[in-house]
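Listed below, chain by chain, are the residues.
Protein chains: 2
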Amino acid sequence: MPPPIHFVHFQETIRCLSFTMAGTEAKKPSAKQSGAKKKEVKKETGLGLTHRKADNFGEWYSEVVVNAEMIEYYDISGCYILRPWSMAIWEIMQEFFDPEIKKMKIKNCYFPLFVSPGVLQKEKDHVEGFAPEVAWVTKSGESELEIPIAIRPTSETVMYPYYSKWIRGHRDLPLKLNQWCNVVRWEFSNPTPFIRSREFLWQEGHTAFATKEEADAEVLDILELYRRIYEEYLAVPVIKGKKSELEKFAGGLYTTSVEAFIPNTGRGIQGATSHCLGQNFAKMFEINFENEKGEKSMVWQNSWAYSTRTIGVMVMVHGDDKGLVLPPKVASVQVIVIPVPYKDADTQGIFDACSATVNTLSEAGIRAESDFRDNYSPGWKYSHWEMKGVPLRIEIGPKDLANKQVRAVRRDNGAKIDIASADLAVEIKKLLDNIQQNLFDVATQKRDECIQVIHTWDEFVQALNQRKMILAPWCDEEEVEADVKARTKGEMGAAKTLCSPFDQPELPEGTKCFASGKPATKWTYWGRSY
Amino acid sequence: MPPPIHFVHFQETIRCLSFTMAGTEAKKPSAKQSGAKKKEVKKETGLGLTHRKADNFGEWYSEVVVNAEMIEYYDISGCYILRPWSMAIWEIMQEFFDPEIKKMKIKNCYFPLFVSPGVLQKEKDHVEGFAPEVAWVTKSGESELEIPIAIRPTSETVMYPYYSKWIRGHRDLPLKLNQWCNVVRWEFSNPTPFIRSREFLWQEGHTAFATKEEADAEVLDILELYRRIYEEYLAVPVIKGKKSELEKFAGGLYTTSVEAFIPNTGRGIQGATSHCLGQNFAKMFEINFENEKGEKSMVWQNSWAYSTRTIGVMVMVHGDDKGLVLPPKVASVQVIVIPVPYKDADTQGIFDACSATVNTLSEAGIRAESDFRDNYSPGWKYSHWEMKGVPLRIEIGPKDLANKQVRAVRRDNGAKIDIASADLAVEIKKLLDNIQQNLFDVATQKRDECIQVIHTWDEFVQALNQRKMILAPWCDEEEVEADVKARTKGEMGAAKTLCSPFDQPELPEGTKCFASGKPATKWTYWGRSY
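Which chain is which? The protein sequence lines are S and L, in order. Note that the working numbering gives residue 142 to position 20 of the first sequence, counting from 1, and the numbers run on in steps of one. Note that the working numbering gives residue 441 to position 319 of the second sequence, counting from 1, and the numbers run on in steps of one.
Please keep in mind that the hints were generated in silico from the structure rather than gathered at the bench. Quick reminder that beta carbons are idealized off the backbone N, C-alpha and C, glycines included. There's no promise every hint is true.
As the list claims (entries may be wrong) - In the PhoX-like style, the derived pairs of lysine-lysine whose C-alpha atoms are separated by at most 25 Å in a straight line are:
| no. | chain 1 | residue 1 | chain 2 | residue 2 |
| --- | --- | --- | --- | --- |
| 1 | S | K451 | L | K225 |
| 2 | S | K362 | S | K227 |
| 3 | L | K451 | S | K225 |
| 4 | L | K261 | S | K244 |
| 5 | S | K451 | L | K227 |
| 6 | L | K465 | L | K526 |
| 7 | S | K227 | L | K451 |
| 8 | S | K261 | L | K246 |
| 9 | L | K261 | S | K551 |
| 10 | S | K225 | L | K551 |
| 11 | L | K225 | S | K551 |
| 12 | S | K611 | S | K634 |
| 13 | L | K261 | S | K229 |
| 14 | L | K229 | S | K451 |
| 15 | L | K224 | S | K451 |
| 16 | S | K362 | S | K451 |
| 17 | S | K405 | S | K287 |
What the hints assert, rightly or not - On the chain S side, residues computed to face chain L include the following (Cβ under 8 Å):
| no. | residue |
| --- | --- |
| 18 | C231 |
| 19 | F236 |
| 20 | E255 |
| 21 | W258 |
| 22 | Y284 |
| 23 | L299 |
| 24 | N304 |
| 25 | E571 |
All chains, please: the whole structure from these sequences, using the hints.
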């Protein structure tokens with residue numbers, strides 16, 4: 123059995139070293155090293171990762187997010203700095219998602235960071251789910267607060283007292299709000315950049331409807347947007363489905379999710395969730411309205427969120443031993459143009475051609491930049507931008523200049539393509555589309571190779587040991603999932619349900635649950651997870 | 123002397139009532155009242171404000187922000203809910219500012235909410251300025267934290283240890299980052315929506331340069347963007363200038379600001395600030411670099427921010443006794459179209475004309491909506507949308523239909539204009555531009571009427587009592603400002619410098635400081651302030 127994954131290890135080391143490593147960061151591929159004299163071109167690259175994805179996934183991941191300049195470790199454990207290279211990805215997803223929800227008449231708002239203990243504790247199941255992770259403010263300046271104040275781990279209890287106030291009649295429905303904000307969950311297990319951090323950025327939508335039908339429909343509309351973020355933007359295949367009773371949102375009616383899978387660790391990862399809260403919170407917070415017949419009714423509610431975790435999933439799925447691999451749609455730099463001058467060659471002509479290339483591409487709406495730094499060799503620059511995951515590199519040397527062409531090199535598969543300068547924008551656009559599609563196709567193929575259909579407990583255990591994403595017929599009983607968890611407990615973590623896919627294979631009459639032997643009612647994905 | 127302004131009063135009342143007032147909110151102008159039966163058209167309006175701007179400014183302000191549905195009071199004092207009506211204004215300003223700073227090669231990032239005490243306390247003057255207002259997290263779940271963790275009141279100390287790490291050589295400069303985030307300042311005096319709240323939203327830019335000249339230039343470039351936000355978007359005139367030594371940012375070298383003025387209260391208000399931090403933080407946080415000559419140097423730094431306070435200034439300046447008045451450029455609804463059906467008239471035709479009007483305007487890029495609610499009279503709707511400050515109302519009745527026209531009514535001055543349907547988009551666009559300009563012109567005229575040039579202490583005291591914005595010759599000595607503060611202390615608050623305007627009137631040789639009698643070195647604005 124492969125060794126367990128210890129994320130926390132390398133991170134904590136990094137964190138502790140961060141202020142003592144100054145000047146010794148040989149592997150840091152930026153221009154930020156001291157002692158670099160002008161014109162002294164660095165030939166040694168030394169940019170490679172010290173860990174391989176296949177061998178030490180946890181260490182590899184931590185190294186990639188730092189060396190690609192996405193993340194800086196912070197001096198408070200579990201908190202991370204999102205550097206511009208990752209923040210730009212967040213902004214691009216936001217530029218897609220925000221207009222989409224506005225089309226659905228969902229409006230942005232901003233509720234406070236702080237929650238008073240009274241409302242936080244109003245919904246019993248909900249507070250049980252979050253209480254151990256809640257951070258409490260007890261002091262301001264030198265004064266103790268009269269009552270401690272919680273920092274939102276999520277905003278159901280922050281918002282719903284006001285939904286109760288604002289909603290009176292059926293004309294006030296639906297009420298559809300969203301906010302982009304930070305939330306805090308003071309977790310102590312395995313903090314991992316993007317994937318599990320004590321503070322993270324997300325959007326949280328909170329909607330209230332007159333009928334369950336409307337709520338049900340919205341849950342799926344939002345889930346489809348989450349699928350599109352993963353599949354169309356991050357090029358990560360996901361499975362849409364419903365969470366089990368054990369795994370659903372604390373206090374909700376049912377939870378749907380998009381589930382991704384990390385082949386290297388054999389772990390599923392919940393990509394984003396769209397919950398139908400039913401009328402449970404409405405009952406606790408007295409969110410009532412007078413319906414069209416003049417009768418008092420309770421609203422039906424949803425809440426849904428995706429977070430900066432999305433970025434971590436993308437890194438894990440596409441990254442390789444050269445570093446990050448960015449899908450073109452979310453890359454803040456899609457094309458990096460690098461001059462390759464030679465002795466006696468027309469250096470100025472090459473530089474001009476690079477600038478012209480950037481201009482042509484920019485005008486065509488492609489995010490292109492050039493790297494004219496004179497203290498790094500072309501080879502160093504290749505490695506640097508590969509580490510940062512730029513989808514396409516364009517090299518321009520004397521021969522390219524003579525032939526009125528550029529050389530394009532793909533980050534995803536290393537393929538080299540010569541492109542006539544005259545066709546530049548059209549061909550590069552095609553190439554970027556192709557890279558986007560190829561990343562998705564390759565990731566889907568790898569994910570699909572990990573899916574194992576099983577029918578018995580023995581097959582289940584074997585597949586689990588092989589780090590598979592397991593599709594199994596299940597009786598859908600809470601106790602059975604609890605039992606599976608108990609029986610698979612170990613240092614790698616217990617197996618649990620990931621989701622019951624909406625796209626259900628045929629379940630022949632008489633199929634039995636792999637775990638309980640009772641009649642199976644559905645196919646469900648199982649596995650270890652993040 | 124007019125009575126002092128007590129903001130806190132009405133707010134706290136509102137806050138305490140918020141959960142007991144259900145069903146009795148007669149003055150709330152939304153459709154959210156219970157008991158409204160279908161087709162029972164409400165004729166009584168009862169929408170007016172209970173306080174007048176000229177009589178009870180503080181209460182008027184609190185009422186406007188609540189009744190216009192910008193703000194909801196929250197159950198933690200000093201925290202406010204930003205409802206979609208105000209959030210949209212914030213987003214529109216962001217859509218202007220964010221691309222502008224990106225053109226300046228400033229990149230967005232996100233640093234953690236939390237600061238460890240060690241770094242927070244590193245810069246002495248800085249921490250003294252913020253320490254009394256810092257909120258501290260001391261617990262997570264049921265566990266005490268080993269060391270308390272502060273919530274950022276601003277992010278200098280959060281960010282600069284990493285600037286020290288990232289900046290090595292001159293090629294790493296300039297480093298220009300910005301973040302959009304929330305900050306917390308646990309103030310106890312007079313919380314006021316937008317203007318002074320314990321949590322607020324802002325952007326904070328933090329930049330580092332090799333030379334003072336570059337830093338100086340950026341300070342002014344950013345200040346110009348802040349001027350444009352106020353003058354071009356919020357239609358609020360501001361004065362650009364430099365803060366006094368007493369009023370500058372704690373720990374910085376100098377502070378520039380845009381200063382607005384609220385004629386009704388006779389108070390200046392700092393609109394946004396752009397600080398040159400000099401090398402002070404660089405020294406404390408060891409932000410050094412090797413310059414082009416290979417010598418060790420210290421960076422020059424700036425920080426600059428504008429916050430949701432901008433929205434409050436706009437409300438105070440333009441609002442009137444009918445409610446909010448929104449400048450068209452920041453209004454999420456610029457035109458509200460209201461059908462005015464009569465008995466026996468072609469109701470369907472009127473509704474169709476309203477829909478067609480909204481379509482035509484939307485296609486022309488104007489933010490237009492219709493109000494087809496059937497349980498409110500046209501008169502009620504007029505008052506409702508006036509309360510919410512929509513710049514232009516379009517009424518369509520049988521006569522308008524017959525004449526192939528619409529009637530437009532301006533929110534700023536109540537003027538009624540008939541517009542031929544054929545010219546709709548062009549004429550409405552002109553009108554909106556005109557309203558935007560008129561709001562700015564009227565506000566500028568009112569502000570200018572409050573400016574009083576004085577030369578002596580007696581004139582100063584008289585002008586202060588008349589709630590003027592005082593322009594006075596000053597010796598620019600810290601002790602003299604401290605002395606003026608001490609001498610003007612009272613229940614309305616002491617007078618202080620607002621700024622020394624960049625646009626300096628002539629200062630004749632031999633002019634004396636109004637307060638000290640020493641030779642004056644500059645003209646400076648003085649007054650009470652928020």
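Problem set entry | Violated constraints from the hint list, given by number and in increasing order | 9, 13 and 25
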